[in-house]
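Participant: Below are the chains, spelled out letter by letter.
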Amino acid sequence: MRRILTFSTYLVRNGGKSLPLIGVIVLAVLLIVGIVALMNSIPYSIRTIYKHSKNYTGLVPRSNASVDFAMRKEIRDGAPVPIEPILVIRGSQAQVKSIVGGWPFVVLAMRQDDMRRYAKRLNITKIEGRYPKVGEAEALISEPVARNLKLKIGDPLLKPDNADAYSMFPVKIVGIAQTDYWTMMMPYEYHEKYHFPPYDSALVFAKNPADQDKLDRWIHEKFRGANVRVFAYFLLEEETNGMFRILYQILNVVIFTLVAVITLMMAMLINIYQSQRIQEFGLLQALGYTRRDLIRRVLGESIAVVLVGWILGVAAAQGMLQLVKSRLMDPNAFALDVWDRSALLYTIPVPVMIFLAAVGAIWSRFRTFDPVSVVERRLA
Amino acid sequence: MIELRQASLVYKDQGKDLYACRHINLTVRPGEFLGILGPSGSGKSSLLYLMSGLKSPTSGEVLYKGQNIAGLAEPERARLRLVDFGIVFQYPYLIGYLSALENVLVGSPGVGTRERAQELLLDLGIGHKSHRLPHELSGGERQRVCVARALLGGRSVIFADEPTASLDHTNGLAVVDLLVRHRGEGALVIVTHDPSMLTQANRVIHISDGEVVNEETSPQIAPTGLHRETIGP
Ligand SMILES: Nc1ncnc2c1ncn2[C@@H]1O[C@H](COP(=O)(O)OP(=O)(O)OP(=O)(O)O)[C@@H](O)[C@H]1O
Ligand SMILES: [Mg+2]
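Protein sequences, first through last, are from chains W and Z. Each residue of the first sequence is one higher than the one before, starting from 6 at the first, in the numbering used here. Each residue of the second sequence is one higher than the one before, starting from 6 at the first, in the numbering used here.
Keep in mind that a hint or two might mislead.
Said to hold, decoys possible - Chain W side only, calculated, beta carbon under 8 Å to chain Z, not exhaustive:
{"hint": "1", "residue": "I9"}
{"hint": "2", "residue": "N19"}
{"hint": "3", "residue": "V93"}
{"hint": "4", "residue": "E285"}
{"hint": "5", "residue": "L288"}
{"hint": "6", "residue": "A291"}
{"hint": "7", "residue": "Y294"}
{"hint": "8", "residue": "T295"}
{"hint": "9", "residue": "P376"}
{"hint": "10", "residue": "E381"}
{"hint": "11", "residue": "R382"}
Said to hold, decoys possible - Far from chain W, by Cβ distances over 12 Å, these chain Z residues were calculated:
{"hint": "12", "residue": "P44"}
{"hint": "13", "residue": "S50"}
{"hint": "14", "residue": "D89"}
{"hint": "15", "residue": "Q95"}
{"hint": "16", "residue": "E107"}
{"hint": "17", "residue": "G115"}
{"hint": "18", "residue": "D182"}
Bear in mind the hints are in silico, worked out from the structure with no lab data behind them. The structure displayed is predicted, hence computed values, not measured ones. Yeah, the Cβ is synthetic: ideal placement off N, Cα and C, and Gly gets one too.
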């Protein structure tokens with residue numbers, strides 16, 4: 006096969022045949038990446054929007070009025086890792102938007118110092134505007150929240166006529182924190198005066214952020230069955246994974262079907278193209294090329310088509326995701342992972358199955374192939 | 006050079022044995038022009054496939070330089086056709102997406118050079134068309150490309166199976182003439198049912214029903230020799 010017939014000779018000179026093959030693979034990869042990345046964006050949004058909960062363990066009372074002093078002392082005394090002073094806060098309901106509708110989000114009502122400690126914990130260094138003042142109907146939100154809800158300084162975050170984000174008076178935004186975290190804060194004293202129900206919750210920080218998960222798990226175990234609800238990032242993870250398990254199983258079936266359809270189609274095409282080349286194969290064998298030479302070349306061609314198709318497909322998918330992200334998702338602060346690894350993994354069966362189909366076609370063709378029947382024109 | 010010893014090729018025809026070649030004893034000598042003549046279905050092509058290693062004898066032996074071809078592994082047998090033998094088939098098969106020149110080169114990868122291939126095409130009168138694809142050539146031109154393909158690389162035996170069947174008489178004669186003139190040191194074996202193609206042959210064997218029935222030898226290689234009178238048109 007030296008010189009004249011390299012594995013690319015046929016492909017390059019028969020663009021009418023190799024391009025459609027490559028095109029089908031590109032489209033298949035594009036389709037799969039699109040479906041999977043969009044699907045993944047939902048749990049990814051959950052993880053992004055509630056990422057702030059990675060920084061603390063939240064405790065919300067259930068039947069007694071507050072996460073009381075005794076409970077806080079129990080945590081301080083028994084915590085398996087060093088902790089910061091516990092933040093006593095209140096919370097008020099608001100909402101953020103996702104591609105599948107509104108999701109609940111809590112406005113944290115905190116005292117002046119606590120707001121700053123919390124902000125420090127989230128690595129917030131830059132704020133456009135200022136912190137809310139003691140007892141005022143004012144709020145601080147973070148940049149993604151502002152984008153998501155299309156709010157700017159001076160707009161109300163909570164207001165009397167909003168059922169999903171209610172307050173007796175319009176709570177105006179006075180500051181926007183520059184951070185990736187999603188957060189909303191308001192003064193504790195305002196909440197204490199005008200919001201219901203009047204109960205205290207607590208945020209517990211491990212001194213070392215790396216210990217937070219350990220602390221989360223310990224508190225979760227400690228207060229199992231107690232009059233307090235524990236919020237922690239690992240619980241969010243568990244809940245999200247559980248929620249999406251069935252959806253992902255359905256996705257697997259869909260992708261499997263898609264791959265099967267595409268493979269079948271491609272196998273048919275490959276078979277047709279190969280039977281059109283019977284003459285070429287017969288002639289080459291009659292001229293003295295071995296079966297192995299031919300098989301190697303056809304396999305090389307298949308690998309080239311499948312690889313080029315896949316790589317172009319991945320590149321096209323990447324471009325498509327970038328476009329969707331910048332045009333549709335980012336303006337609303339919706340999360341979409343452009344470098345979604347699992348979406349890429351889902352596309353791997355496409356080139357693999359098509360290559361196997363090509364191998365099958367080649368194997369069945371060359372298994373019983375007599376070049377004499379070609380040069381005698383009994384075939385083709 | 007090539008020696009057939011009691012070589013037979015048997016096809017199965019509805020369970021019965023059909024002898025395409027029957028116990029053939031034949032030697033192809035270095036440099037000679039051997040003609041094989043016989044009516045349709047007499048086994049000429051089969052004989053050529055035996056000699057060139059495209060088919061293995063059902064019984065008997067085919068030797069090339071003293072070596073039993075059937076005993077060779079497929080790659081070695083293939084190598085004989087790639088390097089030692091040149092074959093011109095009855096139909097001028099070319100690879101559709103290769104130029105005339107590339108089609109010539111494809112027959113002897115790594116051996117034949119581009120310059121030599123171009124030279125051959127020039128000698129065969131289609132040097133200026135070497136860049137064309139097969140579908141841009143006439144039938145006779147395609148057959149000449151096939152001839153060049155079989156000649157390139159200095160083969161020791163050149164086989165041609167009815168190389169003139171798809172051509173008119175004049176062009177057919179021209180192709181045979183080209184084979185004779187450009188084969189160099191190589192032996193030439195031409196299979197045909199048309200005796201007028203074999204006027205330059207050193208030897209002509211007649212076959213019928215898979216058996217050699219007659220052999221004529223001519224002492225001279227001349228278009229106006231004994232042959233013209235005996236087996237000419
Ligand atoms: N694959 C095959 N299966 C069965 N019989 C075959 C096969 N190939 C050839 N034959 C038979 O073998 C005999 C010799 O065939 P062969 O092709 O050698 O003849 P030929 O002399 O070349 O004829 P032609 O001049 O028509 O090409 C014929 O009777 C033919 O029918
Ligand atoms: Mg024949």
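Participant: Against chain Z, run the beta carbon of W/V93 and see if the smallest gap drops under 8 Å.
Facilitator: Violated, because the Cβ-Cβ distance from W/V93 to chain Z comes to roughly 80 Å (cut-off 8 Å).
Participant: Minimum Cβ distance from W/T295 to chain Z below 8 Å?
Facilitator: It holds, given that the least Cβ distance between W/T295 and chain Z is near 5 Å, below 8 Å.
Participant: Evaluate the condition: distance from the CB of Z/D182 to the nearest CB of chain W exceeds 12 Å.
Facilitator: 23 Å, holds
Participant: Does the CB of W/P376 sit less than 8 Å away from some CB of chain Z?
Facilitator: 7 Å, holds
Participant: Restraint: W/E381 near chain Z, CB-CB cut 8 Å. Satisfied or not?
Facilitator: Since chain Z brings a Cβ to about 7 Å from W/E381, closer than 8 Å, the hint holds.
Participant: Is the Cβ of Z/G115 more than 12 Å away from each Cβ in chain W?
Facilitator: 5 Å, violated
Participant: Restraint: W/E285 near chain Z, CB-CB cut 8 Å. Satisfied or not?
Facilitator: Holds - the Cβ of W/E285 comes within 8 Å of chain Z, reaching about 5 Å at its closest.
Participant: Verify that the Cβ of Z/E107 lies farther than 12 Å from every Cβ atom of chain W, and report whether the claim holds or is violated.
Facilitator: Z/E107 not clear of chain W: closest Cβ-Cβ about 5 Å, inside 12 Å.
Participant: Examine each Cβ of chain W, and state whether all of them lie more than 12 Å from the Cβ of Z/D89.
Facilitator: 9 Å, violated
Participant: Hey, does the W/Y294 contact hint survive, CB to chain Z under 8 Å?
Facilitator: Since the shortest Cβ distance to chain Z is 7 Å, the answer is holds.
Participant: Would the least Cβ to Cβ distance between Z/P44 and chain W come out above 12 Å?
Facilitator: 17 Å, holds
Participant: Does W/N19 hold up as a contact with chain Z if the rule is Cβ-Cβ below 8 Å?
Facilitator: 6 Å, holds
Of the numbered hints given earlier, the model fails hints 3, 13, 14, 15, 16 and 17; all others are met.
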